[in-house]
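The residues making up each chain are set out below.
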Amino acid sequence: MLRPVLQRVGELLIVFFGVTFLIYAMVFALKGDPIATLAGDRPLPASVVATLRARYHLDDPLWQQYVRYLNGLLHFDLGTDFTGRSVAARMASRWPTTIVLALTAWALEVFFGCALGLIAGLTHGRVPDRLILLGTVLVSSVPIFVVAVTAQLGLGVRLGWFPIAGTREGWPAAFILPAAVIAIFGLAAVSRLMRGSVIDSLESDYVRTLWAKGLSARRVVGVHVLRNAGIPVLTFLAVDLGYLLGGAIVVEGIFNMPGIGGLLFQAIRNHEGPTVVGVSTALILIFLVLSALVDIINSALDPRMRRA
Amino acid sequence: MTELAMATESDQPAVTRRGFWRAVRRRPTFWLCSVVIGLLALISLAPGWFAGWFGSGDPADCDLLSSALGPAAGHPFGYDLQGCDIYSGVIYGTRTSVSVGVLTTAACLVVALVLGTVAGYFGGWVDSVLARLTDVFLGFPFLLGAVVVLGSLNDRGPVTVSLVLALFSWPSMARLVRTCVRQVRDAEYVMSARAMGLRNSRILLRYVLPAAMGPVFALSTILVGAVIVAESTLTFLGVGLQSPSISWGLQLASAQAQFDNYPHMLVFPSVFLTVTVLSLIALGDLLRDVLNPRTR
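Those protein sequence lines, which keep their order, are chains U and X. Letter 173 of the first sequence, counting from 1, is numbered 332 in my numbering, and no numbers are missing. Letter 142 of the second sequence, counting from 1, is numbered 357 in my numbering, and no numbers are missing.
Think of the hints as simulated: they come from the structure by calculation, not from any bench. All values reported here derive from a predicted model rather than from experimental measurement. Honestly, I wouldn't trust all of these hints.
Unchecked claim - What the simulated footprint calls covered on chain U by chain X, stretch by stretch (three residues with Cβ under 8 Å from a Cβ of chain X suffice, anywhere in the stretch; the number is not a length):
1) 168-179
2) 298-305
3) 417-429
4) 441-449
What the hints assert, rightly or not - Distance ranges between label pairs, derived from CB positions:
5) 413/X - 216/U: 54 to 62 Å
6) 250/X - 323/U: 37 to 45 Å
7) 337/X - 244/U: 48 to 56 Å
8) 478/X - 161/U: 54 to 62 Å
9) 315/U - 378/X: 55 to 63 Å
10) 338/X - 318/U: 40 to 48 Å
11) 386/U - 504/X: 23 to 31 Å
12) 378/U - 337/X: 47 to 55 Å
13) 202/U - 368/X: 35 to 43 Å
14) 504/X - 173/U: 16 to 24 Å
In this text, a Cβ means the ideal position worked out from N, Cα and C, and glycines have one as well.
Could you build all of it, start to finish, from the sequences and the hints given here?
What follows is the structure, given as structure tokens:
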């Protein structure tokens with residue numbers, strides 16, 4: 160039990176250092192002379208430059224600067240924005256919206272993805288299967304912002320079925336439409352995975368035995384096939400929740416929801432570099448921890464997943 | 216893009232060229248997608264000729280007096296907010312969007328073929344290092360990584376955007392190459408080549424890599440489509456291409472703000488983008504099915 164956990168934690172650490180170093184190198188180290196950027200057109204006196212370089216430790220070796228940056232991250236220091244507010248504090252009040260949105264989208268994705276995948280798997284190679292495949296491929300070839308804008312205009316503005324933007328109407332009214340847009344994009348992967356594992360299960364020996372035993376179709380599919388086919392899908396869905404937390408940038412931006420994604424969206428639009436980097440780094444780190452947790456829980460639940 | 220890579224891995228040998236044609240010949244999807252993709256390739260190679268079809272072939276020839284007007288004679292798709300012809304914009308945008316897709320995929324292919332082959336064929340520490348490196352890149356959402364890196368660049372032309380997208384897309388491809396190479400590494404015909412005393416480079420090029428070509432080609436086709444979508448989304452967010460580039464993403468990004476009043480500005484570029492990506496993904500799927508008998 161302990162070994163797979165340690166192994167996964169080891170992997171997590173490698174990815175953590177890799178990702179943070181990548182971000183650090185890309186964003187901070189390669190950006191040129193920050194003091195020159197700060198000064199603008201007029202040259203600063205040498206003494207001011209020296210003081211600033213000393214204050215921000217710019218003359219230390221690169222690895223020391225990276226360690227300092229890591230140390231800040233571990234203390235939830237994601238940097239400050241241009242007005243001096245801490246990025247972590249600005250994120251704090253926005254978590255509830257994003258979490259509710261992600262969970263709603265996730266629920267829709269689980270339900271419709273599994274249902275479509277099951278139908279496709281049971282009608283393998285026939286018309287419904289083909290239609291579902293076509294539909295999911297079609298949906299994944301449209302950029303998410305086009306779908307979001309169209310849904311907002313069509314169902315929100317023209318038909319008036321849903322609130323157009325913001326979260327004032329509360330859950331569920333204000334969340335259904337944005338969540339549905341997010342869910343549509345996960346649907347293709349979920350239904351495909353479900354279809355594959357339903358087909359695999361239907362062809363396996365134990366299902367043949369069940370048919371031979373004379374069980375009803377409802378029992379074979381509803382109890383036995385569904386349960387076994389569900390395992391890989393659940394694993395995928397758990398990791399997918401992490402993606403939903405970050406993938407809401409576009410949708411929260413378009414539907415003007417006061418969540419983390421909306422913050423990131425506005426920060427990108429307003430060219431607030433430090434906020435963009437801080438928020439993205441936080442989301443990436445949360446995603447890393449979530450997916451490691453999912454793997455550990457999985458290996459605890461299903462001994463076959465443990466890698467020796 | 217992780218799922219794409221995982222779904223492509225298999226333990227089946229590649230099908231022969233003749234078997235491939237036989238399997239593909241009777242599928243209407245294959246022909247439909249190939250025709251669309253061929254047409255797009257022609258448009259990208261000679262956008263000027265296609266753009267001139269309706270008389271006004273210059274996407275930079277704009278007249279503010281016709282700002283946001285709908286379809287008219289000589290301008291089948293209407294005008295955008297700046298009064299530029301949308302049809303010729305879409306045609307020239309094809310070149311940019313398709314080049315970003317192809318360039319990104321080509322960069323991924325080069326890196327993935329070299330690293331994947333070395334890791335898969337020789338194994339050892341190179342393999343472990345590559346495995347950890349791909350873990351790092353596949354370990355977090357693509358969009359966030361691209362936002363961070365692109366957001367810190369000031370000058371974002373098609374080449375820069377392609378290279379950044381490639382930075383985040385090569386690992387799934389490298390993993391696929393590695394898997395394919397490993398499958399045939401110990402096959403008898405490779406061992407016999409080794410026993411004949413051939414050089415490693417010749418064994419790899421003549422015997423090992425051809426086995427990886429099928430799945431890699433299928434994934435590349437899908438990747439081109441995925442990159443085109445990613446470019447438009449990043450451009451919409453404001454960290455992708457910038458004008459004076461002309462791309463579908465830029466057209467869509469500027470059109471979505473006026474969607475309520477002038478839907479034609481969004482609809483025509485969207486249709487082009489969707490048809491392109493749909494044919495690429497559908498073709499990639501089909502190739503993957505055909506080249507990989509197990510998933511059929």
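Now the hints, each set against the structure:
Counting residues of the stretch 168-179 of chain U whose beta-carbon sits less than 8 Å from any beta-carbon of chain X gives 5, enough to reach three: the coverage restraint holds. Restraint check on the stretch 298-305 of chain U versus chain X: 7 residues with Cβ-Cβ distances below 8 Å, three needed, restraint holds. Only residues whose C-beta sits within less than 8 Å of a C-beta in chain X count toward coverage, and the stretch 417-429 of chain U has 4 of them, enough to reach three; the restraint holds. Counting residues of the stretch 441-449 of chain U whose CB lies closer than 8 Å to any CB of chain X gives 4, which reaches the minimum of 3, so the coverage claim holds.
In this structure the supplied range 54 to 62 Å holds for residue 413/X paired with residue 216/U, their Cβ-Cβ distance being about 55 Å. For residue 250/X and residue 323/U, the Cβ-Cβ distance of about 40 Å falls inside the hinted range of 37 to 45 Å, so the restraint holds. About 52 Å separates the C-beta atoms of residue 337/X and residue 244/U, a value consistent with the hinted range of 48 to 56 Å. Remark: the range hint 54 to 62 Å for residue 478/X to residue 161/U is upheld by a beta-carbon distance near 59 Å.
In this structure, residue 315/U and residue 378/X break the distance hint of 55 to 63 Å, their C-beta atoms being roughly 38 Å apart. Between residue 338/X and residue 318/U the beta carbons are some 59 Å apart, a value that contradicts the proposed interval 40 to 48 Å. Residue 386/U and residue 504/X have their C-beta atoms about 28 Å apart, which keeps the hinted 23 to 31 Å range intact. One distance hint, 47 to 55 Å for the beta-carbon pair residue 378/U and residue 337/X, holds here, with the actual separation near 52 Å.
Take residue 202/U and residue 368/X: their Cβ atoms lie about 26 Å apart, and the range 35 to 43 Å is violated. In this structure, residue 504/X and residue 173/U break the distance hint of 16 to 24 Å, their C-beta atoms being roughly 35 Å apart.
Consistency with the previously given hints fails for numbers 9, 10, 13 and 14, ordered from lowest to highest.
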